[in-house]
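K.L.:
Taken in sequence, the protein lines are chains A and B. Position in the first sequence (first residue = 1) + 130 = the working numbering. Position in the second sequence (first residue = 1) + 2 = the working numbering.
Bear in mind the hints are in silico, worked out from the structure with no lab data behind them. Bear in mind that the values here come from a model prediction, so they are computed numbers and not experimental data. It is possible that some hints are incorrect.
Straight-line Cα separation of at most 25 Å, DMTMM-like style, residue types lysine to aspartate or glutamate; simulated pairs [unchecked claim]:
| id | chain 1 | residue 1 | chain 2 | residue 2 |
| --- | --- | --- | --- | --- |
| 1 | B | 65 | A | 291 |
| 2 | A | 316 | A | 358 |
| 3 | A | 316 | A | 197 |
| 4 | B | 65 | A | 300 |
| 5 | A | 316 | A | 300 |
| 6 | B | 90 | A | 254 |
| 7 | B | 90 | A | 358 |
| 8 | B | 90 | A | 243 |
| 9 | A | 316 | A | 255 |
| 10 | A | 316 | B | 39 |
| 11 | A | 316 | A | 254 |
| 12 | B | 90 | A | 255 |
| 13 | B | 65 | A | 197 |
| 14 | A | 316 | A | 356 |
Listing some non-contacts, in silico: residues in chain B with all C-beta distances to chain A over 10 Å [stated by the list, open to error]:
| id | residue |
| --- | --- |
| 15 | 7 |
| 16 | 73 |
| 17 | 105 |
| 18 | 109 |
| 19 | 110 |
Coverage of chain A stretches by chain B, computed from C-beta distances (three or more under 8 Å per stretch; other residues unrestricted) [claimed, not checked]:
| id | segment |
| --- | --- |
| 20 | 163–172 |
| 21 | 306–316 |
We treat Cβ as the ideally placed atom computed from N, Cα and C, and that holds for glycine.
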Amino acid sequence: MATTTRNSAFRAGFLAGLPFLLIGVPFAVLFGVVATEAGLSITQTIGFSFLVIAGASQFTAIQLMTENAPVFIVLAAALAVNLRMAMYSASLQPHLGGATLPQRALAAYLNVDASYALGILKFEEKPDWPVTDKFLYFCGTMVLMFPLWVIGTWIGAAAGDALPEGLDLDFAMPIMFLALTAPMVKTLAHLGAAVTSIVGALLLSFLPSGVGILFAAIVAMAVGAEIERRRT
Amino acid sequence: MSYSDATIWAIIAILGVGTYLIRFSFLGLVGDRKMPDWVLRHLRYTPVAILPGLVAPLVFWPKATGGDPDPVRFAAAGATVVVAWWTKNMLAGAAAGAVTLTSLLWMT
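Make a model of the complete structure from these sequences and hints.
P.N.:
See the structure below:
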């Protein structure tokens with residue numbers, strides 16, 4: 131493959147990724163604010179974004195931590211939110227599976243909602259691209275997003291640390307979660323899962339914090355999957 | 003939050019490694035085998051099965067009012083959901099919720 135092609139695949143990925151910065155960067159800043167308000171140090175907050183790179187699960191962990199939930203509950207709930215990425219991984223496999231192990235290892239680290247969505251769209255459009263081009267495109271989508279995700283968190287953490295104590299941020303977390311989740315409800319099956327999750331969590335809220343939501347989530351997943359199965 | 007620093011770092015590290023392994027799973031290890039359909043079908047619903055339930059008690063029984071249902075926060079939550087869903091834009095939803103909350107709190 132000529133170098134020019136490789137450059138252009140990387141650049142195409144880079145350009146496709148730009149609009150996602152408008153969502154990703156403010157999200158990272160908010161995470162920084164909320165996490166430091168909840169009691170994490172600035173270093174811990176940045177470490178979170180650097181190592182986990184998954185907004186929804188980071189917020190999930192912080193929420194349960196502010197409730198002082200048992201550690202294994204925090205881990206189980208936050209990892210469960212990320213289980214969808216196993217699906218991303220499986221669906222990228224036919225396209226990137228032929229890359230070298232270090233390349234696949236890097237692609238896995240950068241496998242987030244935005245890069246997956248952009249990547250799979252392009253790969254299905256250009257199935258004949260050589261695997262190197264596909265890999266470079268995928269990396270291109272994240273070349274700004276990843277550093278800005280970490281830097282945004284840092285800015286938010288520094289700002290959150292500077293906010294006066296007792297500022298009324300009690301409802302910031304619920305609003306973030308709702309804004310994050312509502313656009314995910316695209317079908318009746320999603321709606322069924324979401325409603326089950328809400329009703330289940332409210333009914334089971336007498337259980338120790340975080341436990342009820344796990345049971346509710348398992349039932350809600352089954353409800354979503356079952357509605358999908360019956361309708362297709 | 004009452005965890006020790008070491009516990010917080012452990013949570014972050016385990017989440018980092020665990021999330022990485024989830025991302026790496028099929029790409030790195032599984033090769034060409036396909037996941038069974040029923041597994042994929044359940045995985046599709048993990049975020050919508052967890053996130054709404056996580057936030058529901060906070061909306062119905064907000065901490066700020068000591069757990070009493072609060073029409074102002076309920077309205078803010080409603081505005082967030084409707085706008086975020088309608089525009090498919092998280093930030094628009096969050097802004098709608100924040101504006102609703104602040105203006106209603108200011109009025110009451």
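K.L.:
All hints, please: hold or fail.
P.N.:
The hints, checked one at a time:
At roughly 22 Å between alpha-carbon atoms, residue 65(B) and residue 291(A) fall within 25 Å of each other, so this suggested pair holds. About 12 Å separates the Cα atoms of residue 316(A) and residue 358(A), which keeps this hinted pair within 25 Å; it holds. The suggested pairing of residue 316(A) with residue 197(A) is violated, with an alpha-carbon distance near 30 Å, which exceeds 25 Å. Simply put, residue 65(B) and residue 300(A) have alpha-carbon atoms about 7 Å apart, close enough for the 25 Å limit, and the pair holds.
About 29 Å separates the Cα atoms of residue 316(A) and residue 300(A), which puts this hinted pair outside 25 Å; it is violated. For the suggested pair residue 90(B) and residue 254(A), the alpha carbons sit about 24 Å apart, so the restraint of at most 25 Å is met. Between residue 90(B) and residue 358(A) the alpha-carbon distance is near 21 Å, which keeps this suggested pair within the 25 Å criterion. A C-alpha spacing of about 15 Å is found between residue 90(B) and residue 243(A), which places the hinted pair at or below 25 Å, so the restraint holds.
With a C-alpha separation of about 23 Å, the suggested pairing of residue 316(A) with residue 255(A) holds against the 25 Å cut-off. For a cut-off of 25 Å, the pair hint linking residue 316(A) to residue 39(B) stands: about 20 Å separates their Cα positions. With a CA separation close to 22 Å, the supplied pair residue 316(A) and residue 254(A) stays within the 25 Å bound. For the hint linking residue 90(B) to residue 255(A), the alpha-carbon distance of about 24 Å falls within 25 Å, and the restraint holds.
Restraint check for residue 65(B) and residue 197(A): the C-alpha separation of about 11 Å stays at or below 25 Å, so the hint holds. A hinted pair counts as satisfied when its Cα atoms are at most 25 Å apart, and residue 316(A) with residue 356(A) qualifies at roughly 16 Å. A cut-off of 10 Å between C-beta atoms contradicts the statement that residue 7(B) is not in contact with chain A; the least separation is 8 Å. No Cβ of chain A approaches the Cβ of residue 73(B) within 10 Å, the least distance being about 13 Å, so the stated non-interface status holds.
No beta-carbon of chain A comes within 10 Å of the beta-carbon of residue 105(B); the shortest separation is about 13 Å. Every CB of chain A is more than 10 Å from the CB of residue 109(B) (nearest about 15 Å), matching its label as outside the interface. The non-interface label for residue 110(B) is consistent with chain A: the shortest C-beta to C-beta separation is roughly 13 Å, beyond 10 Å. Look at the segment 163–172 of chain A against chain B: 4 of its residues bring a Cβ nearer than 8 Å to a Cβ of that chain, three or more, so the hint holds.
Check result for the segment 306–316 of chain A against chain B: holds, 10 residues qualifying (beta carbon to beta carbon below 8 Å, three or more required).
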